[in-house]
Amino acid sequence: MIASRMHVDEESLLEGLNKDLANLSERVRSSLVLVQSRNGNGAGLVWDDSGLVLTSAHVARRGPLKLTSLSGNSASATIVGSDEEADLALVRGNIAEVTPIERGLSSRLRAGDWVVALGHPWGVPGSATAGIVIAVEPRRDEAGRRLPAVIVADLHLRPGHSGGPLVDSRGLLVGVSTLANGPDVGVAVAVQEAEALYRQRFET
Amino acid sequence: MAERLEQFSDAIADTVAAAATSVLRVEARSRLAASGIAFSRDGVVLTAHHVVEHDEGILVGIDKGEKLAAKFVGRDPATDLALLKVEGGSFPAVSWTSSPSPRVGHLVLALGRPGASIRATLGIVSAVGESWRTPMGGFVDHYLQSDVVMYPGFSGGPLVSADGRFIGLNTSALLQGASLTIPAGTIQRVAKELLAHGKVRRGYLGLTTQTVRLPGQMAERLGQPTGLLIVSVQSKSPADRAELLLGDTLLGMGDHPLRHVDDLVAELGSDRINQEVALSVLRGGETRTVRVTVGER
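Quick note, the sequences are listed as chains H and V, same order. Here numbering that gives the first Met the number 0 is used: the first residue of the first sequence is 0, the next is one more, and so on. Here numbering that gives the first Met the number 0 is used: the first residue of the second sequence is 0, the next is one more, and so on.
Derived from the structure by calculation, the hints contain no laboratory data. As the structure is a prediction and not an experimental result, all values here were calculated from the model. Hints are supplied without guarantee of correctness; some may be wrong.
Derived SDA-like pairs: lysine to any residue, alpha-carbon spacing no greater than 20 Å straight-line [what the hints assert, rightly or not]: (1) Lys18/H x Asp9/V; (2) Lys63/V x Arg109/H; (3) Lys63/V x Lys65/H; (4) Lys66/V x Arg30/V; (5) Lys63/V x Pro137/H; (6) Lys66/V x Pro137/H; (7) Lys18/H x Gln6/V; (8) Lys84/V x Asp9/V; (9) Lys63/V x Lys18/H; (10) Lys65/H x Trp121/H; (11) Lys63/V x Ser39/V; (12) Lys18/H x Glu5/V; (13) Lys235/V x Gln175/V; (14) Lys18/H x Arg3/V; (15) Lys18/H x Glu2/V; (16) Lys198/V x Arg271/V; (17) Lys84/V x Ser100/V; (18) Lys18/H x Leu106/V; (19) Lys70/V x Leu58/V; (20) Lys84/V x Gly42/V; (21) Lys66/V x Glu136/H.
If you want a taste of the chain V side facing chain H, the calculated C-beta under 10 Å gives, among others [stated by the list, open to error]: (22) Leu4; (23) Ala19; (24) Leu108; (25) Arg201.
C-beta: ideal position from N, C-alpha, C; glycine also.
Please take these sequences and the hints and turn them into a complete structure.
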């Protein structure tokens, strides 16, 4: 027993932060799905009410695809659009009782901002990992051509995170986890690249 | 709903943004650039010794993306610190803090600028300890280790407290696999020496010694199991002038016992230069005192 803890209803700053973080993860989990393909397991997130799910291109590449929510509902899915360079794919499959994720703006992120990634690393469904944004830098290739925007954060992403959401401190989608080589940093494709893919495929 | 988390996140990003103008990029090696800290208003830049591989053609990158030519001022490999100077440069110099000293569990940020923009990682203070000596014999005021991840190019950048105070300089080179911070007190002391002399001056005797076991009775009487056997004396050195001989065993300097070679290194700081010291020496089975005026190296 800790003697100084007299008032159980009085919440410390850290307890408050813990609670916020747990609530945020809980809320994002309702938009999180498991994506199974012949390439193995990855993550995905519910994009809208029409059954669109956003994931990584490298996860969705080899069908057939099966989507499963954390509450256990599942559906088969087909790929409806992809951007290999940005490692993004949109797939369609109607899973019951899921919530579309709220989208934020990755361009507002600053170095030091808190971010949380959800996915299914090591086969553990709905795992959360948190860290801060290391850098927000525009990327170009050697010819000066613009490359897909990414967010680099000091969190530990594993293969099961691929395609899963990276959210900001308000729980809004800012990126989609992807694979990275090199030092142990978390890399996510910026949400604006997914918006672009969606527009290119569905806007008329 | 996540209001507190949002405030927390904003506070950290604000801290990073406020410190960013004092965190510089240092291009002084062929591979990836590293980081530095604006040390004084007149353009002095603090960085890590191990990231400065060449003394010529050094560039310092500042917040606005500008690159400025810098001159090499000096380095102290023992504490992994180096100073550069941007002629005509003026930066918002940082203010260091050593009090209240960080405690284990405190949130800390490591900042770096290996690229154009500021980069940050967050962690907690893992260990705070007493003064220690680096593998190369440098004296560090206190041990400070954190779990911040030192990404490539972060060496030479600052460790910053949650409220934006600069705690010290981060280096990944002093101990393998550990994120260590050289604290402000050590930085001030070494920087003063580097600005005045271009190096950290050391006391010099002109001796090579090795640790030897003392005879049983002698060890018991002195309360120390080992001493330092002199294996060479440089001619015309302070030790030579004081007529120290090959085969003498050093037992102590002043009141301090000399048990290991490190003990002698520790005794020969810059404050000893030109001072007379009393060495306790074992020669032919008898102890005697030999007075030596310490030189400079």
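Cross-check of the supplied hints:
Our distance criterion of 20 Å between C-alpha atoms is met by lysine 18/H and aspartate 9/V, whose separation comes to about 17 Å. Proposed proximity of lysine 63/V and arginine 109/H is supported: the alpha carbons are some 16 Å apart, at most 20 Å. Taking the CA atoms of lysine 63/V and lysine 65/H, the gap is about 48 Å. The hint is violated against a cut of 20 Å. A C-alpha spacing of about 17 Å is found between lysine 66/V and arginine 30/V, which places the hinted pair at or below 20 Å, so the restraint holds.
The straight-line distance between the Cα atoms of lysine 63/V and proline 137/H is roughly 15 Å, inside the 20 Å bound, and the hint therefore holds. Distance restraint check for lysine 66/V and proline 137/H: the Cα-Cα separation of roughly 19 Å lies within the 20 Å cut-off, and the hinted pair is therefore satisfied. With a C-alpha separation of about 14 Å, the suggested pairing of lysine 18/H with glutamine 6/V holds against the 20 Å cut-off. Under the criterion of a C-alpha separation no larger than 20 Å, the hint pairing lysine 84/V with aspartate 9/V is inconsistent with the structure, at around 34 Å.
For the hint linking lysine 63/V to lysine 18/H, the alpha-carbon distance of about 39 Å lies beyond 20 Å, and the restraint is violated. For the given pair, lysine 65/H sits about 18 Å from tryptophan 121/H by alpha-carbon distance, which is consistent with the 20 Å threshold. A distance of roughly 18 Å separates the Cα atoms of lysine 63/V and serine 39/V; the hinted pair therefore holds under the 20 Å criterion. Restraint check for lysine 18/H and glutamate 5/V: the C-alpha separation of about 12 Å stays at or below 20 Å, so the hint holds.
The hinted pair formed by lysine 235/V and glutamine 175/V fails the criterion: a straight-line CA distance of about 39 Å is larger than 20 Å. As the CA atoms of lysine 18/H and arginine 3/V are separated by approximately 9 Å, the hinted pair is consistent with the 20 Å bound. About 11 Å separates the Cα atoms of lysine 18/H and glutamate 2/V, which keeps this hinted pair within 20 Å; it holds. A distance of roughly 16 Å separates the Cα atoms of lysine 198/V and arginine 271/V; the hinted pair therefore holds under the 20 Å criterion.
A distance of roughly 29 Å separates the Cα atoms of lysine 84/V and serine 100/V; the hinted pair therefore is violated under the 20 Å criterion. Straight-line distance between C-alpha atoms of lysine 18/H and leucine 106/V comes to about 18 Å, which keeps the hinted pair within the 20 Å bound. Using a Cα cut-off of 20 Å, the hinted pair lysine 70/V and leucine 58/V holds, with the two alpha carbons roughly 9 Å apart. Between lysine 84/V and glycine 42/V the alpha-carbon distance is near 6 Å, which keeps this suggested pair within the 20 Å criterion.
In summary, the hint linking lysine 66/V to glutamate 136/H is supported, as the alpha carbons are separated by about 18 Å, within the 20 Å threshold. Residue-level restraint check for leucine 4/V holds (minimum Cβ-Cβ distance to chain H is 4 Å; threshold 10 Å). Of the supplied interface hints, the one on alanine 19/V holds, with its beta-carbon coming within about 8 Å of a beta-carbon of chain H, less than 10 Å. At about 7 Å, the closest approach between the beta carbon of leucine 108/V and any beta carbon in chain H falls short of 10 Å, and the interface hint on this residue holds.
Interface restraint check for arginine 201/V: the shortest CB-CB distance to chain H comes to about 36 Å, outside 10 Å, so the restraint is violated.
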